[in-house]
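Using the sequences plus the hints, can you model the full thing?
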Amino acid sequence: MTMKIVFQKTSGLTDKPTHYCPGCTHGVIHRLVAEVLEEMGVLEDTVGVASVGCSVLSYEYFNCDMTQAAHGRAPAVATGVKRVLPDRMVFTYQGDGDLASIGISEVIHAAARGENITVIFVNNAIYGMTGGQMAPTSLIGQKTATTPYGRDVSVHGSPIKVCEMISVLDGAAYIERVSTHDVPHIQKAKKAIRRAFETQKRGGGFSMVEILSTCPTNWGLDPAESLEWVRDNMVPVYPLGVYKNKATGNL
Amino acid sequence: MGKVLMKGNEVIAESAVHAGCKYFFGYPITPQSELVAYMARRLPEVGGLFLQAESEVAAINMVYGAASAGVRVMTSSSSPGFSLKQEGISYLAGAQLPAVIVNIARGGPGLGNIQPAQSDYFQVTKGGGHGDYHTPVLAPASLQEIVDLTKDAFDIADRYRTPVILLGDGMLGQMMEPVEFTEGTEIRKFAKPWATTGTLGDGPPRTITSLELDAESLEKRNWDLQQKFAVMKANEIRYETYLTEDADYIMVAFGTVARITMNAVNKAREAGVKVGLIRPISLWPFPEKPFLETRDRVKGYISVEMSAGQMVEDVRLVVEGHAQVDFFGRTGGIVPTQDEIFEKIMMAAGGVTV
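Respectively, the protein sequence lines represent chains A and B.
Quick note: the first sequence uses our numbering, first residue 5, plus one each step.
Quick note: the second sequence uses our numbering, first residue 166, plus one each step.
Quick caveat, the hints were computed from the structure, so don't treat them as lab data.
Careful: at least some of the hints might be erroneous.
Unchecked claim - From the structure, some residues in chain A lie toward chain B, with a derived Cβ separation under 7 Å:
no.	residue
1	E48
2	T83
3	R87
4	N237
Claimed, not checked - Restricting the straight-line Cα-Cα distance to at most 27 Å, the calculated cross-link-like pairs of lysine-lysine (DSS-like) are:
no.	chain 1	residue 1	chain 2	residue 2
5	A	K205	B	K354
6	B	K439	B	K398
7	B	K432	B	K385
8	A	K195	A	K13
9	A	K20	B	K439
10	B	K187	B	K316
Here a beta-carbon is modelled for each residue, glycine too, at the ideal position from N, C-alpha and C.
Here is the structure:
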């Protein structure tokens with residue numbers, strides 16, 4: 005009897021077991037990015053740029069050439085790579101502390117330049133690696149290690165909505181926010197990632213997919229509750245959808 | 166090609182082009198801005214790329230990206246902007262990426278001013294950023310010397326996979342002198358199998374990182390770096406001596422200050438004082454040999470600097486109390502004059518002022 009292979013692990017990921025906490029959606033997002041790169045047949049032409057935070061070791065998991073950047077600087081590093089190697093696929097993989105706080109300048113200017121790179125922006129509304137401190141994307145009222153009484157607008161300001169901000173820049177070509185809280189949304193997230201990389205492939209300019217993600221460990225919730233928390237609390241603050249798609253005239 | 170009259174900042178830029186540097190990421194700051202503007206005009210002519218970054222921080226990280234893609238790349242700044250690049254320089258050193266970073270230093274601390282200074286000596290020679298590392302530092306004293314040392318800087322960077330600092334001061338950057346570029350000199354090619362260019366199906370994926378979470382692995386990486394620094398110390402020391410053979414007193418100065426000091430040495434010789442000059446060209450690795458050879462027979466050394474006294478500490482370290490080590494400096498952007506250095510020599514030589 006011959007067996008037919010109906011499913012196998014993507015070649016876009018290495019065999020190294022990830023260090024992510026149970027219930028964290030980094031693993032899902034890694035797989036989506038890796039599957040897209042594999043399906044597009046560009047793994048060997050890709051250079052990824054890892055950031056600082058929980059995904060700092062992403063260079064051990066993506067099965068392509070990887071460079072590790074300083075905190076927040078991944079879009080600048082990716083700019084250097086892409087300007088030298090314009091025909092390669094170049095992507096950054098960044099969390100919300102890295103991208104929306106210390107690295108907000110680099111991502112804005114990369115977008116403004118229309119840098120032909122793809123930014124995978126994982127937003128879980130908290131600093132995970134350092135132990136659950138407030139991020140610029142933490143929700144109003146959210147309790148974190150540095151907002152033990154909850155995020156207070158009068159003290160900490162309001163969450164930064166990165167897609168809304170970036171999409172007004174002329175250089176931004178494809179900007180979409182997606183979520184990972186259930187299977188249909190994960191499937192949508194993969195399509196968004198694919199469209200972002202396709203934008204880069206045709207030289208369309210700056211593309212970014214913001215992916216709402218979980219942090220069960222620092223939220224103090226179990227994995228199932230965390231997915232519900234994304235759906236019930238994050239999605240209303242961070243509306244899902246395509247914020248910009250130059251190719252379809254969605255400006 | 167004959168001699169051309171150029172500004173120091175432009176000579177650095179053109180020398181980099183001659184050294185095969187086609188990528189430059191910059192940010193304006195006085196007194197190095199001509200270098201950035203020259204590259205913006207020049208690099209497209211040679212099929213290269215100039216990009217003005219949004220900050221010095223972004224510029225040095227673009228350099229990191231370009232270096233990881235395997236090309237010769239440069240950025241430049243002046244003291245306050247150079248401080249901003251230090252994080253990136255530490256990462257370049259940790260990830261072992263080659264790049265050339267220019268510092269056309271100005272008065273500090275803080276915003277300081279835009280006059281020439283050498284007060285970034287500690288910063289460039291002692292590592293500057295976090296962690297156990299050094300970067301080779303080359304300090305030209307003339308515009309013609311910039312041509313040679315810029316080429317050397319790129320070769321050292323590639324040979325050892327290290328960031329290299331080219332240190333001048335605002336005077337060197339702003340002054341004009343005739344220089345000659347040798348056409349057709351061969352650009353040394355270094356194989357870079359470590360570069361992350363996309364595997365293109367040729368071998369397994371590569372990683373460039375300065376992260377080693379395992380303590381024993383990071384210690385090993387550090388000892389490997391130290392081993393590399395030891396090889397640099399053996400091979401990359403550059404200095405010049407002037408009238409030191411019979412000298413009772415030896416002046417120590419680098420960069421533009423060495424030229425002023427040399428004039429003061431000549432004047433003191435005319436006045437009958439046996440005085441010489443050691444001019445470190447590589448500030449790190451610091452040239453110890455000319456001191457070890459002379460410290461038991463001279464009466465003293467005088468370090469002359471545009472700072473409150475920084476290189477003098479390295480002079481004391483190598484002289485180890487075998488002779489007197491004295492210091493003369495001006496700071497805040499003041500350039501010491503030949504006459505005040507001459508007076509310092511005459512006082513040391515017998516308490517006589519002229």
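Structure-based check of all given hints:
1. For the restraint placing E48 (chain A) at the interface with chain B, the shortest Cβ-Cβ distance is roughly 5 Å, inside the 7 Å limit, so the hint holds.
2. The beta carbon of T83 (chain A) comes within 5 Å of a beta carbon in chain B, closer than 7 Å, and the hint placing it at the interface holds.
3. Checking R87 (chain A) against chain B: minimum C-beta separation of about 5 Å stays under 7 Å; hint holds.
4. Checking N237 (chain A) against chain B: minimum C-beta separation of about 32 Å lies over 7 Å; hint violated.
5. Distance check on the hinted pair: K205 (chain A) and K354 (chain B) sit about 31 Å apart at the alpha-carbon level, beyond 27 Å; violated.
6. For the suggested pair K439 (chain B) and K398 (chain B), the alpha carbons sit about 31 Å apart, so the restraint of at most 27 Å is broken.
7. Straight-line distance between C-alpha atoms of K432 (chain B) and K385 (chain B) comes to about 52 Å, which puts the hinted pair past the 27 Å bound.
8. Taken as a hint, the K195 (chain A) and K13 (chain A) pair is honoured in the structure, with Cα atoms around 18 Å apart against an allowance of 27 Å.
9. This hinted pair does not check out: K20 (chain A) and K439 (chain B) have alpha carbons roughly 69 Å apart, beyond 27 Å.
10. About 13 Å separates the Cα atoms of K187 (chain B) and K316 (chain B), which keeps this hinted pair within 27 Å; it holds.
Hint compliance for this structure: hints 4, 5, 6, 7 and 9 are broken, all remaining hints hold.
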